[in-house]
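2 protein chains.
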Amino acid sequence: MSFYDASVPAFLQILGSLSGILAKAEAHCAAKNIQPDVLLSARLYPDMLPLSKQIQLACDFSAKGCARLAHVDVPSTPDTEKTFGELRQRLANTIDYIKKFTPAQFEGGNSKEVTFPIGADKTLTLKGQEFLNRFAFPNFYFHASIAHGILRHNGVEIGKRDFLGVA
Amino acid sequence: MSFYDASVPAFLQILGSLSGILAKAEAHCAAKNIQPDVLLSARLYPDMLPLSKQIQLACDFSAKGCARLAHVDVPSTPDTEKTFGELRQRLANTIDYIKKFTPAQFEGGNSKEVTFPIGADKTLTLKGQEFLNRFAFPNFYFHASIAHGILRHNGVEIGKRDFLGVA
Numbered sequence: 000m001s002f003y004d005a006s007v008p009a010f011l012q013i014l015g016s017l018s019g020i021l022a023k024a025e026a027h028c029a030a031k032n033i034q035p036d037v038l039l040s041a042r043l044y045p046d047m048l049p050l051s052k053q054i055q056l057a058c059d060f061s062a063k064g065c066a067r068l069a070h071v072d073v074p075s076t077p078d079t080e081k082t083f084g085e086l087r088q089r090l091a092n093t094i095d096y097i098k099k100f101t102p103a104q105f106e107g108g109n110s111k112e113v114t115f116p117i118g119a120d121k122t123l124t125l126k127g128q129e130f131l132n133r134f135a136f137p138n139f140y141f142h143a144s145i146a147h148g149i150l151r152h153n154g155v156e157i158g159k160r161d162f163l164g165v166a
Numbered sequence: 000m001s002f003y004d005a006s007v008p009a010f011l012q013i014l015g016s017l018s019g020i021l022a023k024a025e026a027h028c029a030a031k032n033i034q035p036d037v038l039l040s041a042r043l044y045p046d047m048l049p050l051s052k053q054i055q056l057a058c059d060f061s062a063k064g065c066a067r068l069a070h071v072d073v074p075s076t077p078d079t080e081k082t083f084g085e086l087r088q089r090l091a092n093t094i095d096y097i098k099k100f101t102p103a104q105f106e107g108g109n110s111k112e113v114t115f116p117i118g119a120d121k122t123l124t125l126k127g128q129e130f131l132n133r134f135a136f137p138n139f140y141f142h143a144s145i146a147h148g149i150l151r152h153n154g155v156e157i158g159k160r161d162f163l164g165v166a
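If you read the protein sequences in the order shown, they are chains A and B. Per numbering that gives the first Met the number 0, the very first residue in the first sequence carries number 0; after that it's consecutive. Per numbering that gives the first Met the number 0, the very first residue in the second sequence carries number 0; after that it's consecutive.
For each label pair, taking beta carbons as the anchor points, the in silico distance ranges come out as:
hint : chain 1 : residue 1 : chain 2 : residue 2 : range
1    : B       : Thr122    : A       : Val37     : 39 to 45 angstroms
2    : A       : Lys23     : B       : Gly19     : 31 to 37 angstroms
3    : B       : Ile33     : A       : Pro45     : 16 to 22 angstroms
In case anyone wonders, no lab produced these hints; they're calculated from the structure. It should be emphasised that the depicted structure is a prediction, and the values quoted were computed from it without experimental measurement. Where a beta carbon is used, it is the ideal one built from N, C-alpha and C, also for glycine.
Starting from the given sequences, assemble the full structure and let the hints guide the process.
Shown next as structure tokens:
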């Protein structure tokens with residue numbers, strides 16, 4: 000089994016579905032005369048991150064996750080997006096970036112060690128498979144799911160099929 | 000790389016973290032004089048599922064997912080839980096069930112086909128790895144994340160570290 004197959008397609012599926020969800024959210028704003036920024040800055044609770052940041056983090060955990068698993072330079076992308084269109088472009092750029100990886104780059108990546116930052120001045124070292132299971136996947140899916148939850152909570156008509164990317 | 004390593008530990012981590020989150024939610028109810036059922040029946044939106052069902056679905060997608068990947072009988076568990084304690088027991092039972100699988104049972108499971116129900120009267124057939132990427136993981140993480148989001152939204156003091164199970 001290929002470690003590439005165990006990671007890259009999973010990220011791509013949800014990044015694509017997030018783009019579809021944002022398109023529906025933008026259409027919802029237009030139809031209901033809602034300022035887009037109301038949804039882009041919406042949070043489930045005051046100490047949680049807003050929708051725009053949830054999308055940016057889903058992009059980061061997937062792109063950086065793949066880079067660490069393939070042992071190439073980790074990309075740094077400033078969080079400048081202020082509109083639905085810009086966030087969809089960020090997702091498109093992330094998808095393009097991840098699609099460029101090849102199965103060969105992931106070969107042996109499951110058992111090779113990955114050292115990554117946790118918090119401000121600490122790092123953790125895990126084998127690639129553990130890094131994926133314990134860090135990259137749960138963080139990625141968490142921010143993607145909370146983005147979906149924020150939009151549902153605000154009345155955007157999407158369902159779990161939109162999250163899975165099969166709607 | 001072992002297909003067991005790519006699936007079982009990921010499920011176990013989050014099932015364990017959900018148990019911890021429910022313990023904090025129950026303590027929050029006691030401290031703030033909130034009837035537990037208020038949180039157990041809380042939803043992010045009227046057409047979304049309540050907290051208790053989010054937990055039950057996380058249990059189902061992980062337990063049934065492992066059964067399908069190992070090609071053993073798929074367990075059927077009635078959703079009878081009505082308290083935090085009963086939901087934590089459901090999680091504990093699910094963890095025990097998943098812990099009994101062995102790496103040998105998952106060998107070759109990535110390329111072996113899995114046929115599973117989608118909706119009321121349709122099935123889909125995918126290779127084990129695709130089933131995990133496209134169905135089992137995103138559904139599992141979705142319900143776990145939304146459970147966390149419901150509790151955050153209702154003021155329970157948990158963070159992403161609780162979701163990751165490292166708090």
